[in-house]
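Between the sequences and the hints, there should be enough to build the whole structure, so can you do that?
Chain order of the listed sequences is C and D.
Each step along the first sequence adds one to the number in this note's numbering, with nothing skipped, and position 59 is 40.
Each step along the second sequence adds one to the number in this note's numbering, with nothing skipped, and position 504 is 503.
Please keep in mind that the hints were generated in silico from the structure rather than gathered at the bench.
Since the structure is predicted, the reported quantities are computational estimates derived from the model, not experimental observations.
Among the clues, some could well be false.
[Said to hold, decoys possible] Just the calculated beta-carbon pair ranges, DEER-fashion:
#1 D:Asp545 x C:Ala65: 35 to 43 Å
#2 C:Ser78 x D:Val172: 40 to 48 Å
#3 D:Asn100 x C:Ser78: 30 to 38 Å
#4 C:Ala7 x D:Ala29: 49 to 57 Å
#5 D:Pro368 x C:Arg64: 51 to 59 Å
#6 D:Ala383 x C:Ser78: 47 to 55 Å
#7 D:His338 x C:Leu0: 35 to 43 Å
#8 C:Arg64 x D:Leu258: 52 to 60 Å
#9 C:Ala65 x D:Arg260: 50 to 58 Å
#10 C:Leu(-6) x D:Leu77: 41 to 49 Å
[To be verified] Computed footprint of chain D on chain C, listed as stretches where at least three residues anywhere in the stretch have a Cβ under 8 Å from a Cβ of chain D:
#11 -17 to -6
#12 2 to 15
#13 58 to 65
#14 68 to 77
C-beta: ideal position from N, C-alpha, C; glycine also.
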Amino acid sequence: MLTAYAGILASVLAAALLLAAPWNAATLAGALLLACVPAGAAVMCWIDSGEGAAQAGLTLAISISVLAILSAIMVWTSVWEPRALLALAAVSLVSCSVRLRNEVPR
Amino acid sequence: MIRRGLAEIVAEGAADRVTTRRWRRTGLSAPEQQASSVITFVASISVSLLGVGAWIVGVTELRPSGIGLYGLLASDDLWFVLGFALLAAGFLVELRASARNWVLGLQLVAIIVAIHASVPIIFRAPEYAWVYKHLGIISAFSTYGHITDPTNIYQQWPALFAGVAAISSLAHVSALSFAAWAPLAFELADALLLIAIFRLITRERRVTWLAIFLYEGLVSWVGQDYLSPQAFSYLLWLAMVLILLRWLRGTPAVTGGRLARVRAPLVAGLPPAEQTTKIMRAVAVALLAVTYFAIVAAHQLTPYLALAGVAALAALDLVRPRWLLALMAAIAFGYLAPHYGLISQDFGGLFSGGTPIQNASGAHGTYHPGAEATTALIVRVVAAAMWLGAVAALAMRRKALGRVIVPAALAFSPFVVLFVQSYGGEAIYRVFLFSAPWCALLISSALLELRFPRRLPIRWPLTACVCIAVLFGGLQGLYGPVRVDAFTPNEVAASQWLYAHAARGSLIVLPVDNFPALEAADYNDFDLEVMPSDPQEGVAWLDEGDIPAVKQWLTSLGHETGYIVISRSMAASAGYFGAPKGYHQLAGSIPASLGGSVVYRNTDATIYRVSLD
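Written out as structure tokens, the structure is:
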């Protein structure tokens, strides 16, 4: 649950900072947030490792792995569109939201 | 639920039992115990806060110009050293008393910040000359969005560089502006993953926190956490270990074949693996494959260190599914095959030869008497003590090796690399890095379980001595060469001016290979040459004090003009290593003997244009 909330918060904040923040420091914070949380949260919100540090560590590791692989693919294919990485925030938002909805008893 | 299972591999409850016994012996009532707990809490927090304060005073008073060849710890500023001593003391007080997770966590974060934020605060520029080469690749990807130099090995393993280039492009800031903070970020992330892993291996929280403390001290000298593919890959390797131990650990078969019988004493006492579902195993395999592919696409050596680690666990039948190793090998060799030419060119192939002893000898230092030799000796003692300590810890557990077999396998499997590769003299440093967490865990477990006669209360004094020795030994290794390794904004500004103003194709000459060069996106449009005068670079036939020979070598490069850079860090390097020979003579004679005219100068760097007709 916490991972899902973290994923939603990070995705929204990262997108907002990257799209609207007027200062470089804020856009850098947004880019780092995008790199470190959404992709991992999208996966880890469905997995319970049972340990906060493990949950946070794997969220981070999966996020930067996905970002690095997608960026490398852009370099290999010469299609350099870093803003497309904002899709990670969208995917995370959907995945984490669905996870939270599934938790609500009907 | 997760913490059970593997949780009994290393010491369980040892230190807790010690504390309980102490209370019982002292005969304290519950309220007295509570009061005592509050006092130790206040003491540990106060000491740590004083440590943070002393470190802040120290780090704000230190100036690059005031740092000598023995580094930060030997500077005149006692506040800096006092800060680390108090931070360690506060941590140890809390560890011995109540070992509250949140307090130890905050104290550990403070220690990591103090270790890795000092140099960025003092110098305000990324440390290590080779970081600037990485920045050049990042800049090239960020500017052009594709591989610009197929012969550059960094560009063919682009995952980390491309990822940072994407962050840089998204944020519209140069990676140069945040690269200095990479060691701090990587170490915090590594510590987070290690906490999670150690909690899977041991239920005893004191062992976990002590192991992290020892680890941070041990690895601080090895300097593998700067903005680099290896730091990135190492972090992902820790994530892989976490996934393996959490979801993919198997229970070894100890009856049946000959192999099982050989394995039986090694896994005696190993707790059964956690129950997990087939689906979760499949998800874990997928996550592991993605993480491993990111490692493979980022760094040349780490995939094989990871493969060695998983192979060691697989040999003990601790990995499920059993074909996981084959999957990893397929990913690693599948990526290597089309890139083998570059590996062959840079490292003499996958098997570069050399005996393990040769491959373990490390980079070719000059062992210059004084600062370099002293610092080198200290870090060698730290490294030797780590491995000997781990072996001693294993010897203590010889009757139930299964309890320590996982950290033991991970601690000693990286040595396999030394049988096949020297990795340009750097393999031993990677072996140390990959071995360090598990050695730290074994040592901390042994320290907290050592049995002494009742009247000999030396467990905690011994633990404190080990912690202080490891921390300050590691810090000397990290901060000892800082005058050489770190650069000032002035030096970076000189380099940026050069790449912005020199014509494409220009010759740039470095008398010492210690300058923030190659950080520009178009780095390969310039002919950067380092004078062949430093034994650390392998070829060292030129005496830089022999000006006619220098002139002849410059002319042989085939350019009409060239730029020669002289800088503060080059002078520091020549003083620290005692090489290259004649550097100071050359630096003083460029205008007169080589006819060089100054085209750029600030307080830390001078650039000369020299006619080579």
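Here's how the hints hold up against the structure:
1. The supplied range of 35 to 43 Å is broken by D:Asp545 and C:Ala65, whose beta-carbon atoms lie about 56 Å from each other.
2. Taking the beta carbon of each, C:Ser78 and D:Val172 are about 31 Å apart, not inside 40 to 48 Å as hinted.
3. One distance hint, 30 to 38 Å for the beta-carbon pair D:Asn100 and C:Ser78, holds here, with the actual separation near 31 Å.
4. Here the CB-CB span from C:Ala7 to D:Ala29 is close to 51 Å, well matched to the stated 49 to 57 Å.
5. A hinted range of 51 to 59 Å for the beta carbons of D:Pro368 and C:Arg64 is consistent with their spacing of about 55 Å.
6. Hint check: D:Ala383 to C:Ser78, Cβ distance near 54 Å, so the stated range 47 to 55 Å holds.
7. The hint said 35 to 43 Å for the Cβ distance between D:His338 and C:Leu0, and at roughly 37 Å that hint holds.
8. Between C:Arg64 and D:Leu258 the beta carbons are some 54 Å apart, a value that agrees with the proposed interval 52 to 60 Å.
9. At about 56 Å, the beta-carbon gap between C:Ala65 and D:Arg260 stays in the expected band of 50 to 58 Å.
10. For C:Leu(-6) and D:Leu77, the hinted distance range of 41 to 49 Å is satisfied, since their beta carbons lie about 42 Å from each other.
11. Coverage of the region -17 to -6 of chain C by chain D is violated in this model, with 0 residues showing a Cβ closer than 8 Å to a Cβ of that chain against a need of three.
12. Requiring three or more residues with a Cβ within less than 8 Å of a Cβ of chain D, the coverage given for the region 2 to 15 of chain C holds, as 7 such residues are present.
13. Restraint check on the region 58 to 65 of chain C versus chain D: 5 residues with Cβ-Cβ distances below 8 Å, three needed, restraint holds.
14. Counting residues of the region 68 to 77 of chain C whose C-beta sits closer than 8 Å to any C-beta of chain D gives 0, which falls short of three, so the coverage hint is violated.
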